[in-house]
Structure formats: structure tokens, C-alpha cells
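Student: Each chain is listed here by its residues.
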Amino acid sequence: MDPLTLGLLVAFLTILILFSGASVAVGLLIVAAFFLLVFDGTRSLQMLPEVYFADLNSFTVLSIPMFIIMGASIASTRAGADLFEAIERWMTRVPGGLVVSNLGACALFSAMSGSSPATCAAIGKMGIPEMRKRGYSDEVAAGSIAAGGTLGILIPPSVTMIVYGIATETSIGRLFLAGVVPGFLLVALFMLWSIYSTWRSGAMHLLSPRRYSLRERLEVLPRVIPFLIVILGVLYAMYGGVATPSETAAVGALLCLVMAIAIYRMWRAKDLWAILRDSTRESVMILFIMAAAGVFAYMMSSLFITQSIAEWISQLEVNRWVLMAIINVFLLVAGFFLPPVAVILMTAPILLPILTAAQFDPYWFAVILTINLEVGLITPPVGLNLYVINSIAPDISLKTILRGSMPYVLCMFAAILILCFVPQIATWLPDLIMGPAI
Amino acid sequence: TELRLSHQFAPNDVRHKVAQMVADDVAAADVDLSIRIFPSSSLFKANEQYQPLSRGQLDMTVLPLSYAGGQRPEYNLTLMPGLIKDHDHAARMNNSPFMKALEDIMAEDDVMVLVHGYLAGGFASKGKCITKPEDVKGMTVRAAGKAFEQMLEGAGASISSMPSSEAYSGMQQGILDAMNTSSSSFVSYRLYEQVKCYTPAGDVALWFMYQPMLINKSTFDDLTPEQQQALRTASEKAQAFYLEEAKKEDAASREVFEKAGVEIAKMTPEDFDTWRALAKDTSYKAFVEEVPDGQKLLDLAFEVK
Amino acid sequence: MAELSFSERETVGTVHQPRVLRLIGAVSTLCGWIAAGLIIASIFVTCHMIFVRFVLGQSTIWQTEAVIYMMIAATTIGLAYVQKLRGHVNVDLVPLMLPYRVRRILAYLVLILTVIVVGVIAWYAGHTWFETFDRNWKSSTVWGVRLWIPWLAVPVGFALYLLQLLADIAALYLRIDEPFGKGRE
Ligand code: NA
Ligand code: NA
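Protein chains in written order, with my numbering: chain E, 0 to 437; chain D, 1352 to 1656; chain Y, -17 to 167.
Keep in mind the hints are simulated off the structure, nothing from the lab.
Among the clues, some could well be false.
Said to hold, decoys possible - Here are the simulated DSSO-like cross-link-like pairs (lysine-lysine), alpha carbons at most 27 Å apart as the crow flies:
no.	chain 1	residue 1	chain 2	residue 2
1	D	Lys1631	Y	Lys120
2	Y	Lys120	D	Lys1568
3	D	Lys1647	Y	Lys120
Using the sequences and the hints, build the whole thing.
Tutor: If you want it as C-alpha cells, here you go:
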């Protein structure tokens, strides 16, 4: 059978299996096993566990659970609330009130957490009830936290950037740096929108923030110090010649655990288990998807589908920006249904040769890809952040969360557009610190 | 018939060119045989090719044989410091009783060699130049290959088991002081931007790695005599090409580093002998202890002059 | 939504359940502890490696490899536990729109397909494990770990995952668990 036709068949069956409710990882394994069996015979089934093993057989994989632990250990303590409060007291002069503080806290927290759901949970636990108490609508409260949480995978460290780095053999340190400025850009857009929407809804009084005395503001400062220590420690390890990015993750995880135990008194086995349980669950889920997507990619490559699709697209001879637009739409649609890690691993082998041929910068594209996947985190049917909000505030309906987060999706689209016009937003910082890319 | 060849190298790498050459010539021979190449680890990861090859799930590969050293410890001899002096010496290895002994071991795994070939490499350092064992003392080094790690540790260096994917940033950030790898990797990782001194493979070189093109033996035996002949003819031509290119790579890498303003150091035959003496006490010793027939194989290798 | 919620909804809640299912659940929880322990251990091993290299300036031979194998083991052994917590993310849009009976049939179908593929992997992983054991394969590093040790996690992990899946089918059959976490309206 012609590889392209075969590719269509694979796509059809994959969609069918995933929509039938099988878990994403197992769904990919089912499809891979089926096609290998039919087109390559029973001997290829022996490859399933071996490819699974080979895909996890990489040191970089380690950093994924580590960055998740960083997030989880803070999300399970009062640390998120402390951070939130400190930012609120210090940002009172900035108009936009509590929403802006929340977004700021999300951004800062993202600098310590590699995962979006963790960011969402850490800030949302305190942020959502507080906003509702002070008169913000459910829509604004839930939407801003859902969107702010997505920053977790754009602002370094980021699990998806690591996965992208593994899949494309690009430098993870450089990928992290590429996400910094776009992260700030996105936060700024989010803040602008929230100020505007609060003002438009006639809730001007919410924008004029509560006054805090100098004393109140100073007294909250010590509570932020642990955060600064962790962030500075990680930055020093990563860029100060101490450890490679993947190794740094372990330093960060250790610092966060120590902080949770020493400062937030999480030394009881039950408390520690709460941290470990959440991070083990998320890590295993993500790593299993990674390995399964690797098996899927092996099947696609083995049946020459990947290569044929890449060749077919490169022969289309469309304008490179039309190509980029098509890729974006494709990523968006994939992101609606699949978690970020699965999208990256399934598409990277196909997309990367095409992008390089069209002379797009792989680090710039990593940022575009990440923002696309952030959209997927706050849209149904699979939107991890939506579930987190749902578990924090079960009485806010999914529809309300969605209405609240939609404008932020538009902000993300705006960010993608800006990045297309000014790619330096992503490439400037890595070039400055690490020199031109290889 | 279509054969599948997998390897880990980029399409501009000499090892891909060797594979491509064989594929082209076989196709041109018009014997109903084609080779489909999966480059850049697009089918199997670098370290995961020997097993499927020996089972016949993969037909062909271009592989640093020492990657399978965990399965066949004898293969570690194909990346032993000081065993080979220069490229012509390496070429003589290919037709020796030593290689015959290795090929017998491969045959046990249903694997046979089509194209023999060695690539050379050197050292690059962020500090002082590396020519003698004393030079690496106290440095943190990432070495390519187990035997080199043992030897460098014997010379007083600290070995970092960093994966190759992180080695570049490791050098950049100063986590590593020095690196040892092949001439082509030095260029493709753009290490000339990071290092102060480069010791390329020259008249003598310490680092030679055997990277043959292999085929599953049963697959080969199942081909028609015409197909087998076409493969053999193509392989012979590719082997000559491989040797020429391997020689060129060392000089080319030297040129690139020189142009980038990196100091170039030269290893003398006396230095080479010092390293070899050290290797005898470290890597060779460990090898003989690990492999039952190790001493015999080592002697065979030394018989090649 | 319940399928994915991060709150604690476990396979079989407080409903009275047969002892076998409870036992399997306990085994899966133990798997979770082991996985978490391995993750914690790899934090310390990695930090130890950085310390040895950066502060002591000594060789680091075994740490990278050890951490890799611990991660593979953590992932594979953790599968059963995450299945028990319903933590494997899925797209349940369609199943939740279906009428109860169809949803139940679909749930069986999905579980059976999952059991088949997980069973196949467990079986062949057993083969590879035996090969690495029988031929005494080692990793090609100075440390030279005997590969059957890290490989052991794969057949064992997938087998325990299989066990939890079978328990889930039983729970569905006994109506202890609802298909895709959603009962009759
Ligand atoms: Na982050
Ligand atoms: Na989504």
C-alpha cells in the first residue's frame, strides 16, 4: 500500500481509538501494535517493549518528574498562597487589582514549575476563592487562573520544552531561554486584557486596589525569600557551570522538597505522600505517553509513513508562511484533543525536517508550538487546566470557565502573530547568553 | 527485494554517504535489489540497532561496533586506545586474523560485515593542550568509549559519564574541561567555538573506532547470487571511498579549528607510546580480565603491524 | 470530566468490594510507593553526582545510568498505580455523550483492547528480559550493569498493570465501577 494512503488509515484509526475513550498512551500503543502486526508480521511485536525501553533510556527524561516535583511540592504547601499575597501587597500601585496579582503570581510560579496543571493548582487554590470573595465574577476568577496556569510550560523550566528538546535534539538550555521573553509578552497581554475587561464590565472599583501600609508590605517579604532562593539556585546551577539543564532539575526538586519540609513543615509522612502522589501520578502519565508516542513514531517510520508525509509536504511548494499557518492550525486542532507531550512527540519527527527546509528557527518554533499547546490546555475536550479549576472550585460550571478563558486564547493567538512578525522576541535572549545557535 | 538500513548519522556524514553509495550502486546494478536508508536514528536509536540486526528485524546498519560491547565484550577491542596508529594501519587490520576472529563472533549473532572502516579522533580542551597523560591530570573529561574512560582515569582525569547530547553544553558551561571524540563530531558539534586547544588525529592518533556497515547474515544468504555479487561489488568500492574520506576528515577538522583560532597541538610517536603504556595497565588489563579469550584477541590485534 | 479530575476518585470507592479486588488495589498502591521512592532516589543520586563532579572533582561513572534505569522502572512500575487512580489521561468526550448501555459496552471494549496490548507488551518484555538474563548482556559502559536488572521492571510493571486492568473489568462487571466514571443519569 502507498505510504500516504497508509498514513490516512493510521490517522483515521488513531482518531477512532482516542475518541473511544482509551487512554492516550494506550491508544497510541494499540494503533502502533495493530499496524506493525498487519504490515510487518508478528516478529515486529518483539520491538514494542524494546522501543518502549529505548525511548525512556535517556538521561534528559529525568528532568520531567523533577520539574513536576518542584511544582507539586510548592502546590501542596502554603507557599502558593504566600507568593500570591506578597505579590498582591506589592503590586497594589499597579491598576488591575487582584487579577493582575494572580497573573503575576502564576508567572513567578511558572519559573519554578515545569508543568501547567501544577501552576494552575498552586495559585488557584488561594487566588480563585479570594477573587470571588472580593466581587470578581466567576468567569474572570476561573478564566484568568486557567490561562495563567498555562504559563507553566512557556516560562522555564518547562516539561514540554524538554520533550521537544529530546525529540528534536536541540539544546534544552537554549529552549528554556527562548521561552523567557515570550512568557513575559504573554503575561503582559493577559494583564492588559484582564484590566480592560474588568473596566469594561463597569467594575472599576475592583481595579482600584486595596491600600497596604509599608509595614504590611515589608512584613510579607520574608515569605518570598524561599522562592527567590530556589529560583536563583536553579538559575545558578543551570547557567553557572555547575550542572546541565537536566541535572539542574534534580537540584530544583531537592531545593523545593527541602523548602516544603523545613519552612512549610511538611515532614509528616502523610504530607510528603501528598506531594509524591501527585507528582508520581503526573510523571508516570507523561512518561508513559512519551514512551507510547515513541512506539507510535517507530511504527510510522518503519512503514515509511513519516518520511512520505514529510516529502509530500516539502513538494507542495507553498509560501513558508502559508506552511506555518497550516502547521499552526494543525497543532491547534491536535492540542484540543491531546496532551502537549503527545502532540510534540507525534509531530516533531514529521515537522522538523520541513521546518528546517523552510528555514524556520527550531527554537523560535518551539515557542510557537508551546503557545499552541497552551491553548489546548484550556480548551475541551482534553484540557488539563480545566480539570484542575474544576477540582478547586467545583461549583463553577465548565461553561463559565470556558467563557472566562476564551479571551486569553485570543491573547495567545495575538502572541503567536507578534512572534511571527518579530521572531527576535524568542531568539534574542538565547543568542545573547549562549551565542548563535548551532 | 528491499533491504532496510538504519543508522544514527546525519545525511551529510561520511557514514551516511557510504551507505548511500552502496544503495545507489546496488540499484544501478539492476538485480531487483534496493536499500532503503533510515538516517539520523529515524528508525532505531544509536545504541539499539545491534539486537534487531542480529534477529533479522533490521537488515543492515552502519554501527560503531563497540556499541554492542555489552553483548559481546570482545567488540570493545574495536575502540581501544593505542591499538591502531594511523589509517593505513587500520586498513591492514581489516584483512587480518584479528578481524577474522571478530567476524566469527559476529557470525554467531548472524551478523556479517560488508564494509570495513575506521574513523579517527582526538582531544579538545578548554585548558592546556592534551598530548601526554600528564596533561589530563585533574581535568573533568568526557571520553568516547569505555576503554578511553579507563585509560584517562588512570591518567588522573575525572570522568564524567555525561550523555553526548549534553556534552556540548557541558563544554560550553565549563562543566567539562576536555572532550575526546571523532574528528567529524568535533566539527559538527562546533566545539571550535568553545575550546582553547585541539589535538587532532595526525601522523599518529590514539582514538580509532571501528564503524563497519553490517548486514544480517541470513538475509544476505537468502539473496540470489547476482544480488550478493552486486552488494559485494558496491561494498568494495565504498570501502575504498570510506578510507579516503576518513583520512580527509582529520585534516579537515584541523583546518576548521585552526581557522577558528584554536591552538593546534601535535601528539608525537613518543607521546603515543606513553599513552599505550598507560593503556596496558588500565584498559587492556580490564579487557583481559573481563573477556575469557581476551589476551588471545589482543595478541592477534598486536600482530598486525 | 470525572475521568480526569485531579481530585481523589479511585477505581473502587467505599462501595463494598470483593477481597481480591481490594488486594489488587493494594498491590497497585504499593507500586505507586515504589515508583515515588525511585523518583526520590534519583533526585539524590543526581545531586550526589553534581556534588562529586563539581565540588570533589572526581569521576562520575555510574550515576547517569543508574538514574536512567530508575526512571524507566518508576514509569513502568507506576503504571498500575496510575491506572488505579484513573490518572492516564484520555478523551472522554464521546463516551460521556453516549447512552448508559452503549457506554458500558464501549468501556468493556476499550478495557479489553487495553488488556490485549498491555498483555502483548508484558509477554514480549518477558522474552527480552530472558534474553538479557540468559546471555548475560551488560550495558556497554565502564559500570557495565547486567541488563536483566533494569529490564526486569518492564515485564513486571506491565504484568501488574495488566492485573489492575483485569480488576477494573471485574469492577465494571460487578457494577462497583461505572463506565467512564459516569453512571445512569
Ligand atoms: Na515553567
Ligand atoms: Na484541549
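Student: Hint by hint, say whether it matches the structure.
Tutor: Evaluated hints:
no., hint, result
1, D:Lys1631 - Y:Lys120, "holds (23 Å)"
2, Y:Lys120 - D:Lys1568, "holds (24 Å)"
3, D:Lys1647 - Y:Lys120, "holds (22 Å)"
Consistency note: the structure conflicts with none of the earlier hints.
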